Amino acid sequence: MRSAYIVFILALVALALPLAAQDIPTPIASSPYVAFEKGDGILSLTLGTKLALAIYDPEAGSFVSDTNMYPGFAFALSYVHFLNDNWAFGGDLAGAFIGTLAERRLFMAPLSFRFVRAFNLDPFIIAPTAGLGMAILSLGEDKHIDPLFKFGSSFYWRATGDISYGLNLLFDIVPQFYDDSAQNRTGFFMDATLSVAYHL
Amino acid sequence: MSLFYMPYGELPMNRKNYRTVVLLILISLVFMVGVSACTDGPVGIFASIAQETDINASRTAAFDGTSPDFVGRLGSDYYTIINGTIWKPVAGVWKKLATIPPGVSNGTASSAATIGGATPTLFVTFGLIGDGTQKVWSTINGTDWVSVDATFAENGQIDSLLSANDQLFVVTRADTTVDSATTTSYSVYFWNGTSFVLTGPGGTELTDLSGRPTSVAFDGTDYWLTAGEAIYQEATADALVAVVANLPDDSFTGVTTDGTNVIFSSISGKLYTYNGSGAWPVSGVFEKSDLPHAFSTPTVVDDGTNTYLLIGTNYASDAASASGYLEFDISTEFNPTTASASEGSDFADIVNFQTSVSANYISKFYVADEGAGKLRVFALTVGNGLWSNYFDGTSWSGWARE
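These protein sequence lines are chains A and B, in that order.
Note that the working numbering numbers the first sequence so that position 184 is 184, with each residue one more than the last.
Note that the working numbering numbers the second sequence so that position 118 is 118, with each residue one more than the last.
It is worth saying that the hints were derived from the structure and are not from the lab.
Note that the coordinates shown come from a computational prediction; the quantities given were computed from them, not determined experimentally.
All C-beta atoms in this analysis are idealised placements derived from N, C-alpha and C, irrespective of residue type, glycine included.
Some clues are possibly wrong.
Incomplete in silico selection of chain A near chain B, CB under 7 angstroms [said to hold, decoys possible]:
1. I55
2. S181
3. R185
Produce the complete structure using the sequences and hints provided.
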């Protein structure tokens, strides 16, 4: 009788194990899919156009009527490092050449540190970003280094586990300050660029 | 959720990450602030761009890449010589001059000068069909040409025409080659209204000069002429004599005057004045990348409010690269010993200089008084065509291509 009882208990356990296995999943099976996790990185190469949207004259308190700048060529090498599943911090080494009405060429090198918030919509990723930095500007023999505020968003399509292709719409705000305050202006720019990104 | 709003319970980063991020932000802020105000120039970059004007609105495609030899004004018409051809605006558009003297070849105009007086006249040198010998012709309307026939006994090949105070000078030259080394000698003739005569007192006429005469000016009393390492001066145009007292050891490229100062430029990047008592105040060397600027002839522009001195940076071997022109506000005085290279900081507005001609060699300027307080300044570049800047009595238009 006692052995029959034991057999009965074992049979119940045997029957219950598969159910238990389903009700109490292993850690691997239970983890939701995440596009990124802490320690991941994205290294991206970006090419595209840089548009001068406006120039603000703080002394006049108004925007100038025309930026006198043509669409330029923009490029960037960027890296962001994921601090957790959603947040990343990184920076850009970027540059742009912009032609002007009087046939001059403005070179602009916006260097920035920025936060990125990644929203995973597998296989797409939306990554709004904002940051600070500096813009090195050169126009003929005039050179100046100015603060830079950058914000915008990237839209990635994760083609493979390692490679994504992205569309970036980023805005630069570059206030220029001079000893002669009459020369102060703030430039507003937009980058419309395409990226190829490698997931590290 | 706001990008930077992170309630404690949702804290996405651990403490170590926070420290890293904060440190990076601080580094970037310090770097950003530290470098932002340390490289002031005379002009704001965005401010400069915003003030640009269309420099090609009146561009003449045929002038692209050229080095004009001359610009002058006869009556209300301008004339320029580019690649040996005379051009004149017709209804605001530069056109090749319809009529040139008979017996001369197209494309052989090499030098010109205008004089005013009772009968304003344009003098031009053309090459004859056949042997190409340069001859002087004159016109009072750009259509009818008169041969100013002359034979120059000394250094008899015409080099260039110069004028000042409605007086015309002809520079002639002769090349002598000995053992494949060529030396050039120059003479200076003065047009007395009837014929060309050597200038200078009898026995010391300006012949066989080793330096090329490049510029002549009249200060209200005396004529001044620069020719290499020599300067000539006299109250009458037909009697120029060499200035020898304490003459600086330099090679002079031009002379101008504002009526008070007589200002000289040199190929070694220096500016001089003559104070009338044998002293020659001199500037330091204007240079770029440790090479001196080879100055072209200085030019004075008086817009009724301010008086400016412009000095083009010309091309020369072993000289600094193109830098447009230097400019000084000499409304009160010009003292070369205290002059500084404040390039383009005053003329018209700073953008005019910065946007257009700052990267060009300028061989000379020409200033035309159009009356009623209006001026037009032409810049003859080396290899980048003809530029002008118009003063309407109130403000300058900015440099633009012709």
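Each hint, compared with the structure:
1. I55: Holds, about 5 angstroms.
2. S181: violated (10 angstroms)
3. R185: holds (4 angstroms)
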